Amino acid sequence: MLSTYIEVLRTLQYLYFDHFPLFYKLPFEFRQTKGKVIRVAKVNRNFDVVISLLPAILFTLAVLFCIIAMWLRSPLTRNPIGDVKMWSWLMVAIVCFCGLYFYTLWMLVYQTVGIFMLNEIFQYEEVLSKDSILARHSTMKPSPTEYFLLLLFKLTIWTFYLMTPGYATIVTFFGLDPLHPLFNFVLISNPQLRKFILFFAFNSEALLMLGIFTFKVGCVTIFLYEGIRVAGFFIGLVLLMGKMVISYLSSLSHLTDKYKSSIVHRSYRSHLKIYKVLMIIFQSLESPMKSTASLAIIAGMVGVSGCFFVLVKLPAVNEVYFTVACAMISVCGVILTKVILDTLGNLHVTSEKLLLHYKNLEIVLGMRANCKKLYLKEFYCLKAISIPVGLGTARFSKMTYSVKTEILKNMFESTINFLIAF
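Our numbering puts the sequence shown at residues 1 to 422.
For the record, the hints were derived by calculation from the structure and aren't laboratory data.
Mixed in with the good hints, there may be bad ones.
Claimed, not checked - Pairs of lysine-lysine residues, derived as BS3-like cross-links and limited to a Cα-Cα distance of at most 30 Å, are as follows: (1) K273 <-> K260; (2) K409 <-> K353; (3) K353 <-> K338; (4) K195 <-> K154; (5) K258 <-> K276; (6) K373 <-> K353; (7) K373 <-> K359; (8) K359 <-> K276; (9) K409 <-> K154; (10) K359 <-> K258; (11) K260 <-> K338; (12) K290 <-> K338; (13) K372 <-> K383; (14) K273 <-> K258; (15) K258 <-> K383; (16) K273 <-> K383; (17) K353 <-> K260; (18) K372 <-> K359; (19) K260 <-> K154; (20) K273 <-> K42; (21) K273 <-> K290; (22) K383 <-> K276; (23) K42 <-> K25; (24) K377 <-> K359; (25) K42 <-> K276; (26) K372 <-> K260.
Said to hold, decoys possible - For each label pair, taking beta carbons as the anchor points, the in silico distance ranges come out as: (27) Y24 <-> A206: 33 to 39 Å; (28) S284 <-> F20: 48 to 54 Å; (29) Y167 <-> Q111: 26 to 32 Å; (30) I67 <-> L210: 25 to 31 Å; (31) A231 <-> G82: 24 to 30 Å; (32) E205 <-> F185: 16 to 22 Å; (33) G366 <-> E7: 40 to 46 Å; (34) L155 <-> I81: 32 to 38 Å; (35) E286 <-> R39: 19 to 25 Å; (36) K377 <-> L64: 53 to 59 Å; (37) F412 <-> A206: 46 to 52 Å; (38) L64 <-> A231: 16 to 22 Å; (39) S284 <-> I81: 42 to 48 Å; (40) W71 <-> M163: 30 to 36 Å.
Being a predicted model, the structure only gives us computed values, none of them experimental.
No residue lacks a Cβ here, since even glycine has one placed at the ideal position from N, Cα and C.
With the hints as extra help, turn the sequences into a complete structure.
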């Protein structure tokens, strides 16, 4: 049913978990059981507490170095607002802060609860999808557009994995890494330290510069690998979970049709209880999901707005490589944001349709008075499932399909206003 989505996660798992260039793993990972069933499992590691903090420390250092780099470069630039490097470091700092928040919240604070929630959803969807009648009626086969996008994501995962050291070398060569102004400041302001380091480079300036360049390339490579891994894990999990829940709700709808006579004549209410479990899972994590969704929207908006600003407002100072990179980030950011918001919006629409299906007149009118009273009492306790979210002045209580459209509109309006303001 969801083989295409699972194939993308398998690629991510194979490259960034099973064959990751660095020596440590994230606190939990994807695991595939028999067939094509995905589970999320905790990774058993030596020095688990220390290793779990490494990505958080990496994101924190990235934010700190970007702030220091902006502080050092600002006095040296006539127009800081028109400086490409300043904008690059600002965008990286904001996105890394959001990444730090996501990682700390879901992989450290809510680790156990998150694993339980995801596996419960996967398990229920797996059980329902085994029914041949439900599988025939499944609407979770990807459309040609989705199939193309998922194949594109899979190709992107491979490309980033293989080309990351090359990207790191290019970024460092053009001085776009935040370590560049920091190293220059330290070596210029402290001649004794420079002489000390030069001694270990056999008093060769060329060897010293090569060593510093290699060190910076290594640091940027590690950061890019870890950033892509964490981002890929969360984005892949959100997409798969959203599609799983939609598939789960669609299966429940067909299950209601299948056992309609038992619901009417024998007051069969298990379909309500199954839905209630899912509703409770989402309600229990409403607070962290709200902040996560809000920050994800902010990170996406900052990335897209910043890249559009560089493309539109700073063409004179742009190199070709930077223009292409900004264009790719902008396009991919818009597509990915729309895909995720579509998934979350469809989740709400599907759950509302299912609740209307539960209250089908044929079911309710066919029941005896006492059974109808119990059925409706339990039914009215059920609420539509949706992700809570809020963003600046546009504060939304729930992620509905109309809210999804409004968020996208606000993102584009913010980008245009940002371009006009500066």
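Tested hints:
no.: 1; hint: K273 <-> K260; verdict: 15 Å, holds
no.: 2; hint: K409 <-> K353; verdict: 25 Å, holds
no.: 3; hint: K353 <-> K338; verdict: 22 Å, holds
no.: 4; hint: K195 <-> K154; verdict: 48 Å, violated
no.: 5; hint: K258 <-> K276; verdict: 19 Å, holds
no.: 6; hint: K373 <-> K353; verdict: 22 Å, holds
no.: 7; hint: K373 <-> K359; verdict: 12 Å, holds
no.: 8; hint: K359 <-> K276; verdict: 15 Å, holds
no.: 9; hint: K409 <-> K154; verdict: 28 Å, holds
no.: 10; hint: K359 <-> K258; verdict: 15 Å, holds
no.: 11; hint: K260 <-> K338; verdict: 37 Å, violated
no.: 12; hint: K290 <-> K338; verdict: 18 Å, holds
no.: 13; hint: K372 <-> K383; verdict: 19 Å, holds
no.: 14; hint: K273 <-> K258; verdict: 16 Å, holds
no.: 15; hint: K258 <-> K383; verdict: 23 Å, holds
no.: 16; hint: K273 <-> K383; verdict: 13 Å, holds
no.: 17; hint: K353 <-> K260; verdict: 17 Å, holds
no.: 18; hint: K372 <-> K359; verdict: 11 Å, holds
no.: 19; hint: K260 <-> K154; verdict: 41 Å, violated
no.: 20; hint: K273 <-> K42; verdict: 28 Å, holds
no.: 21; hint: K273 <-> K290; verdict: 25 Å, holds
no.: 22; hint: K383 <-> K276; verdict: 9 Å, holds
no.: 23; hint: K42 <-> K25; verdict: 10 Å, holds
no.: 24; hint: K377 <-> K359; verdict: 11 Å, holds
no.: 25; hint: K42 <-> K276; verdict: 26 Å, holds
no.: 26; hint: K372 <-> K260; verdict: 14 Å, holds
no.: 27; hint: Y24 <-> A206: 33 to 39 Å; verdict: 34 Å, holds
no.: 28; hint: S284 <-> F20: 48 to 54 Å; verdict: 32 Å, violated
no.: 29; hint: Y167 <-> Q111: 26 to 32 Å; verdict: 30 Å, holds
no.: 30; hint: I67 <-> L210: 25 to 31 Å; verdict: 28 Å, holds
no.: 31; hint: A231 <-> G82: 24 to 30 Å; verdict: 29 Å, holds
no.: 32; hint: E205 <-> F185: 16 to 22 Å; verdict: 18 Å, holds
no.: 33; hint: G366 <-> E7: 40 to 46 Å; verdict: 44 Å, holds
no.: 34; hint: L155 <-> I81: 32 to 38 Å; verdict: 36 Å, holds
no.: 35; hint: E286 <-> R39: 19 to 25 Å; verdict: 24 Å, holds
no.: 36; hint: K377 <-> L64: 53 to 59 Å; verdict: 56 Å, holds
no.: 37; hint: F412 <-> A206: 46 to 52 Å; verdict: 49 Å, holds
no.: 38; hint: L64 <-> A231: 16 to 22 Å; verdict: 20 Å, holds
no.: 39; hint: S284 <-> I81: 42 to 48 Å; verdict: 44 Å, holds
no.: 40; hint: W71 <-> M163: 30 to 36 Å; verdict: 31 Å, holds
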